[in-house]
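> Read off the chains here:
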Amino acid sequence: MTAPLIQASGIEKRYPNGTLGLKKASLSVKAGEVVVIVGPSGSGKSTLLRTFNGLESITGGEIIVDGQRLDRRGADLRNLRKRVGMVFQQFNLFPHLTVLGNLTLAPCKVLGLSTAEAAERARKLLSKVGLADKAECYPAQLSGGQMQRVAIARALAMQPAVMLFDEPTSALDPEMVGEVLEVMKQLANEGMTMCVVTHEMGFARAVADRVIFMDAGDILCEEHPDVFFDAPPHERLKTFLRQVLK
Amino acid sequence: MSTSLIRWLWHALAAAILIALGAGLYVASKRVDYTWRWERIPQYLVSNEGDEVRAPFDAFVVVADDSKSVTLNAMRGSDTAAFDELASVAVGNGDLVFEGDVLGKKKGHLGFGTLMQGLWLTLEISALSLVFAMLLGVIVGLGRVSKNPAAADLAAFYVEVIRGTPLLVQIFIMYFFIGTVLKLSAFAAGIVALAVFTGAYIAEIVRAGIQAVPKGQTEAAQSLGFSGAQTMRHIILPQATRRILPPLAGQFINLIKDSSLVSVMALTDLTKAGREVVSSTFLPFEVWFTVAGMYLVLTGALSFGVRKLEKRFAARD
Ligand SMILES: Nc1ncnc2c1ncn2[C@@H]1O[C@H](COP(=O)(O)OP(=O)(O)OP(=O)(O)O)[C@@H](O)[C@H]1O
Ligand SMILES: [Mg+2]
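Chains F and P supply the protein sequences, listed in that same order. For the first sequence, our numbering begins at 1 and goes up steadily by one. For the second sequence, our numbering begins at 247 and goes up steadily by one.
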C-alpha cells in the first residue's frame, strides 16, 4: 500500500494573537481520494487547508506531504508547493496578466518550461475548463464563474499531485456555481487527489470519498458521505446538517 | 437652459475673474509708476550676441578701411594676427592693446539667453536627480516592506530623517560638508541633495503602492511556488506601478520646483538666472512672471506626459 499523499498528525495552529485555529487535528489523504471538509464558520477549515501548502505555519504536530516533512521554509517549501495546487474563494487571479499569462507565468518561471511548452499546456487546460476562446482576455473581462475556472486551470498548469479548494464557489452568483462544480467533478473523475472546503452538500454527497466535519478547531468526525448525511454519528453534526440542508 | 450651456457660463465666469485679476495688477502697477518693458525680455531667452574677440598678445592695432577686420603687430617679436568679418570693432588704428583686451565682437549667432540657459540647467539637474531618486526610492521602498529587520530599520531611519528636515538645510549640509569632504562640484552636490530628498518621498509612495496590492496576490503566487523575489518582480511590482504612477507624477513636479533651491549653491539654474537678469535690468515683474511661466511649461509638459502614460495602463481593464 502506498503512503498517504497528505499525512497530518496532531497539528495545532495558534495565531500570534492567541487564537487557537486548530487543536490537535489529524487527517490523512490517499492518492486519488476526494476529501470534503465542512463545518460552521470559524471552525478552522481554511486554516487546516492552508497548512497543507505552508501558507499557514503550524505551532505543533507534523505534516508530511508527498513524502516530505513540511516544516522548513525557503527552497524546500517552494519545491513542495509546486506539487500542491490551491484554489481560493476570491480567485486571486493576476489582474495585470491575460488569462494565458496567468496560466503560463508559473510554469515558465518556476518549472522552467519554454514559453511555447507552457502556452501549449495552458491552451489544453483552457479547453478542458471550457474557456479556450478567452486566452487573450484580462481577468476583469470575465464572469466570476469563468475566473474561478481560470484559477483552477492555473493551478493545474503546475501538474500538481493534489489540489486544495477553499470554498471555490462561495463568492459566485448562484447561476455560476454549477459550471465550477462541473469542472471539479470532472477532475475528481480523472483521479485527481482533492481536498475541498465547501458548503455545497450536493457536491460532497456525489463526489466525496470521505466527508470531514470540523468544529472549533477540531475534526469531530470523518465518514463516507452516505453515513455522514444519512446517519450522522454526532449530535453537533446533526444540528449543523439541519441548518445547512433546510 | 441646458446644463452644458450653464457649465460653459461658469467657465466663462472663471475666465472673466482671471482677466479682471490681470487688469487689476496692471492698474496697480500704473499707480506705482511702473513701466512695463516686456520688449526687453526676449533677449534673455534667445540671444543674438556675438562672442568677444580678445588680443592674444600685446600689440599695436591696424584697423582696415571697412572697419571689419583688425590686424595686430606684436610689440615684441614679429608675430602678427588678423581678425576678419567682425560685427563691431572696439579699438582704433594705432592703438596699443595688451593681452586679453577686447578688440571687438564677432558676428552674432542665435543662442540661448541667460534665462534659457538657466532653464536648461534646471532641466538637467531635475532629470539627473530624478533618475537617482527613482533608484533610491524603489530600493528604500522595498526595504520598508522587507521582512529583514535591519533593512526595514535603515529604510525607516532614512525616510524619517529626510522627511523631518528642510530641503534647504539638506542642501547646505550637502554643499558645505559633503561637497567639501568628497570634493563634489556644486552641480553634483545639488543632484545628490535633490535625489536623496526626493528618494525618501518616492520610497513612501512605493511602499504604499506595494502594500495596496491585496494579500491574496502574494498567497496565490506563493502557492504556485514563486519565491519572494519572483513574487515581488512578476506579481506585486507590476500591479503596484499603476497605483504609484499618479503620486509619482506629483513628486516629479515637486522635484522640478524644489530644484530652484539649488540656486543657493552658486548654480545658475532658472531661478538664479532670473535673479541675475533682474539685478541687471531692474525689471522684476516681467522677469519673474517669465520665470514662473517657464517652470509652468516644464511641469505642465510632465503632467501631460504622465496622464498619457496612465491612460495606456488603464486601458488594460
Ligand atoms: N490571521 C488570523 N489571526 C488570528 N486569528 C485567525 C486568523 N485567521 C483565522 N483566525 C481564527 O481562527 C479560527 C479559524 O478560522 P478559519 O478561517 O480557519 O475558519 P473557517 O472554518 O475557514 O471559517 P469560514 O467558513 O468563515 O471561512 C477563527 O476563530 C478565526 O477567527
Ligand atoms: Mg474559510
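It should be emphasised that the hints constitute simulated quantities derived from the structure, not laboratory data. Among the clues, some could well be false.
[Said to hold, decoys possible] Partner residues aside, some chain F positions facing chain P, computed with beta carbon under 10 Å:
1. Leu80
2. Val87
3. Phe229
4. His234
[Unchecked claim] As a list, the in silico DSBU-like pairs of lysine-lysine whose alpha-carbon atoms are at most 30 Å apart:
5. Lys23/F - Lys393/P
6. Lys518/P - Lys276/P
7. Lys109/F - Lys461/P
In this text, a Cβ means the ideal position worked out from N, Cα and C, and glycines have one as well.
> For each hint, tell me whether it holds in the structure or not.
Hint check:
1. Below 10 Å, beta-carbon pairs count as interface contacts, and Leu80/F has one with chain P at about 8 Å; its hint therefore holds.
2. Taking 10 Å as the C-beta contact cut-off toward chain P, the hint placing Val87/F at the interface holds, the least distance being around 9 Å.
3. Interface restraint check: Phe229/F against chain P, minimum CB-CB distance 31 Å, threshold 10 Å, status violated.
4. A cut of 10 Å between beta carbons decides the hint on His234/F: the least distance to chain P is about 32 Å, and the hint is violated.
5. For the hint pairing Lys23/F with Lys393/P, the CA-to-CA distance comes to about 28 Å; that is within 30 Å, so the pair holds.
6. For the hint pairing Lys518/P with Lys276/P, the CA-to-CA distance comes to about 28 Å; that is within 30 Å, so the pair holds.
7. Using a Cα cut-off of 30 Å, the hinted pair Lys109/F and Lys461/P holds, with the two alpha carbons roughly 21 Å apart.
This entry does not satisfy hints 3 and 4, going by the numbered hints stated previously.
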